[in-house]
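Chains as they are written, first to last, in the numbering used here: chain G, 1 to 372; chain S, 1 to 231.
Please note that a few of the clues may not be correct.
Ranges between beta-carbon positions, derived for each pair [said to hold, decoys possible]:
1. G:Pro96 with S:Gly124: 37 to 43 Å
2. S:Thr72 with G:Gly235: 29 to 35 Å
3. G:Gly324 with S:Lys192: 35 to 41 Å
4. G:Ala351 with S:Pro209: 58 to 64 Å
Coverage of chain G stretches by chain S, computed from C-beta distances (three or more under 8 Å per stretch; other residues unrestricted) [to be verified]:
5. 88-94
6. 116-124
7. 147-161
I should point out that these hints are in silico values taken from the structure, not numbers from a laboratory.
Ideal Cβ placement from N, Cα and C applies to all residues, glycine included.
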Amino acid sequence: MNSHGVPTVGGEPFFYYRPFWNEHKFLRSYPREGLFDAALLRGRHLAPHPAGSPVAARGETGRELANALNESGGAFVVDPDTPILAAGGVGDFPSPRIALMPHAQVLELPVSRISFANPSDRRAFVGAAVGQQAGAQVVTAPYFPFERRGDGWYDLDLDLIADARVIDASRPLAAFVQASVRTLVAGDVGTAAPDYASAGVDLVFLRIAGFDPQTVGQAECRAYRSAIDAFVAAGVPAVADAVGRFGLVLSSAGAAGFSCGALHHKSVSENVIFEAADEMRSAPLQYEVPHRWYELTHTQARADARRGVLPACPVLGCPALVDGTKSSELKEHMIHYFTHEVRALAQAGAASARGRLTQHPRGANGSWRAAL
Amino acid sequence: MDLRRTRQTFVDVLDGGEAVWDSAVSVPPERRKTAAEDIFLRFVVGWETFVSEWFIGCVNRDASRYRQAFETRMNNWLQTEVESKYGRYKVVFPPPTLSLSKNPNLDAVRDLLDPSEGNIEFRGLQELTQRANQELAPRYAARTAALMGAGANEIVDAALAIRNALAHRSRRAVREMNRRVGEFPSYAVLRKQTMSSDGIGTYLNAKTPGGEARLLVFRREFGRIARVLVP
Numbered sequence: 001m002n003s004h005g006v007p008t009v010g011g012e013p014f015f016y017y018r019p020f021w022n023e024h025k026f027l028r029s030y031p032r033e034g035l036f037d038a039a040l041l042r043g044r045h046l047a048p049h050p051a052g053s054p055v056a057a058r059g060e061t062g063r064e065l066a067n068a069l070n071e072s073g074g075a076f077v078v079d080p081d082t083p084i085l086a087a088g089g090v091g092d093f094p095s096p097r098i099a100l101m102p103h104a105q106v107l108e109l110p111v112s113r114i115s116f117a118n119p120s121d122r123r124a125f126v127g128a129a130v131g132q133q134a135g136a137q138v139v140t141a142p143y144f145p146f147e148r149r150g151d152g153w154y155d156l157d158l159d160l161i162a163d164a165r166v167i168d169a170s171r172p173l174a175a176f177v178q179a180s181v182r183t184l185v186a187g188d189v190g191t192a193a194p195d196y197a198s199a200g201v202d203l204v205f206l207r208i209a210g211f212d213p214q215t216v217g218q219a220e221c222r223a224y225r226s227a228i229d230a231f232v233a234a235g236v237p238a239v240a241d242a243v244g245r246f247g248l249v250l251s252s253a254g255a256a257g258f259s260c261g262a263l264h265h266k267s268v269s270e271n272v273i274f275e276a277a278d279e280m281r282s283a284p285l286q287y288e289v290p291h292r293w294y295e296l297t298h299t300q301a302r303a304d305a306r307r308g309v310l311p312a313c314p315v316l317g318c319p320a321l322v323d324g325t326k327s328s329e330l331k332e333h334m335i336h337y338f339t340h341e342v343r344a345l346a347q348a349g350a351a352s353a354r355g356r357l358t359q360h361p362r363g364a365n366g367s368w369r370a371a372l
Numbered sequence: 001m002d003l004r005r006t007r008q009t010f011v012d013v014l015d016g017g018e019a020v021w022d023s024a025v026s027v028p029p030e031r032r033k034t035a036a037e038d039i040f041l042r043f044v045v046g047w048e049t050f051v052s053e054w055f056i057g058c059v060n061r062d063a064s065r066y067r068q069a070f071e072t073r074m075n076n077w078l079q080t081e082v083e084s085k086y087g088r089y090k091v092v093f094p095p096p097t098l099s100l101s102k103n104p105n106l107d108a109v110r111d112l113l114d115p116s117e118g119n120i121e122f123r124g125l126q127e128l129t130q131r132a133n134q135e136l137a138p139r140y141a142a143r144t145a146a147l148m149g150a151g152a153n154e155i156v157d158a159a160l161a162i163r164n165a166l167a168h169r170s171r172r173a174v175r176e177m178n179r180r181v182g183e184f185p186s187y188a189v190l191r192k193q194t195m196s197s198d199g200i201g202t203y204l205n206a207k208t209p210g211g212e213a214r215l216l217v218f219r220r221e222f223g224r225i226a227r228v229l230v231p
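Given these sequences and hints, build the entire structure.
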């Protein structure tokens with residue numbers, strides 16, 4: 001990492017934890033006590049709660065996640081959460097907080113490229129997005145998905161990055177690069193790398209819409225690796241955003257890290273409105289089995305642990321499998337494992353990761369080898 | 001000319017069309033498609049009227065670039081004509097000047113720009129931008145250039161092509177419409193590979209993933225374009 005605590009090309013990769021909106025209690029204590037690189041917070045999860053909502057009535061301001069991390073000393077990065085602003089209007093949003101993000105109130109929604117025809121409107125939009133990032137480790141520019149290098153949205157993304165640089169030059173600059181699987185496979189994510197490097201970006205988060213690591217094929221995995229390579233070659237550390245444990249594979253091959261949540265953000269949906277609706281899911285958390293590339297129910301994991309057939313968490317004293325533990329310990333364990341393993345695999349290298357992929361008992365995730 | 005009033009007239013057309021669309025929510029699907037086509041035609045006619053009036057209004061407010069462009073064109077013509085017919089005489093004469101104040105009255109501008117009393121027609125935003133660069137004061141020309149830079153030509157050009165396909169139903173018009181609608185680089189929600197002239201109502205009535213009819217996407221973007229031309 002550099003002096004700002006940001007990952008570098010060839011340095012130790014990071015695991016970015018993407019919390020759910022109500023995990024502030026967990027984040028108020030955990031980063032102080034356990035392995036923790038940084039959190040990746042969605043803009044909507046920092047927006048005020050609607051007036052009259054039960055949460056607002058409890059006195060929550062909406063800044064609880066950021067405040068909790070400031071309190072516990074945990075670093076965080078803000079995802080400005082802007083693709084959804086081009087996908088629908090206020091009535092389409094699955095959460096009223098989206099429209100309450102400061103930058104969602106600058107321009108009529110949904111935004112289009114014409115919304116940014118006036119540079120002063122564009123700068124006001126970026127200024128509002130940056131204004132939401134007080135206390136964040138890096139400043140991040142608003143962004144929109146593009147289809148091809150050099151298309152209109154792509155050029156707008158570069159303009160937004162330039163505006164963010166001007167508005168806040170005191171922190172490292174990070175950018176989100178969002179594109180579809182088709183764009184990834186066509187090579188347009190990788191060919192974008194020199195432009196992002198020229199824009200002065202210190203870190204990128206790659207978001208590949210429609211890339212589901214659990215169902216993806218070899219061509220897509222190979223293309224993801226090529227995109228990472230292109231950014232590394234351009235001198236820009238690239239984090240694979242919302243990819244679940246596939247991020248371990250990419251990090252062994254040069255990615256600057258990866259992100260996911262305990263239950264959500266394990267892939268990026270092609271439909272940003274649907275993705276947001278998917279976040280409403282509340283399935284029980286599962287236990288991330290170290291070194292085996294799968295997860296188990298808490299009950300099954302405890303049973304397997306009692307039988308001595310479960311690999312241990314790399315952090316001694318991890319409480320996840322102790323009787324009576326709850327979901328927060330499962331989260332802790334996942335962060336323990338990913339934070340530890342992302343470094344271990346990066347150090348061991350791609351060849352070692354290829355060998356370790358065979359440890360899945362049914363040989364699943366075989367296409368991931370194409371990334372190595 | 002009050003450019004804001006010109007814009008408002010266009011916005012009123014857009015608002016009126018949207019109100020009709022909203023009121024047609026419960027009509028049978030076939031009639032709703034017809035309504036979509038009719039409202040769309042009103043939008044495009046409204047656009048053509050607006051942009052013609054806007055151009056005239058811009059010259060009315062500042063004719064300096066228009067005068068300069070006319071004088072350059074006239075001088076080039078004169079030089080060429082004289083050279084071709086009397087070049088051997090080595091004639092020297094001062095360049096012609098157009099007697100036109102910086103703020104000519106509206107009737108004078110209409111007579112100059114629109115002597116046949118029709119609308120000034122632009123085949124697309126590119127043509128408007130080129131002509132604005134030649135004839136309008138920089139502050140107005142910059143607005144059309146900003147729109148081109150923001151991809152507004154996709155909306156304007158596709159809307160004109162759809163209008164032509166609706167009005168003419170010719171194979172050429174349908175081919176041009178499909179070319180425009182099949183591209184739409186900045187508007188994936190408006191993109192469709194092929195449709196016949198009979199399918200336009202279905203196309204306009206179809207909902208985007210955000211849940212609104214494509215017709216209303218055109219409506220919103222036309223409104224935005226109008227606000228860029230007249231802030």
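Here's how the hints hold up against the structure:
1. G:Pro96 with S:Gly124: 37 to 43 Å: holds, 40 Å
2. S:Thr72 with G:Gly235: 29 to 35 Å: About 49 Å separates the Cβ atoms of Thr72 (chain S) and Gly235 (chain G), which means 29 to 35 Å is violated.
3. G:Gly324 with S:Lys192: 35 to 41 Å: violated, 57 Å
4. G:Ala351 with S:Pro209: 58 to 64 Å: violated, 42 Å
5. 88-94: holds (count 4)
6. 116-124: holds (count 3)
7. 147-161: holds (count 5)
Violated hints, listed in ascending order, are 2, 3 and 4; each of the other numbered hints is respected by the structure.
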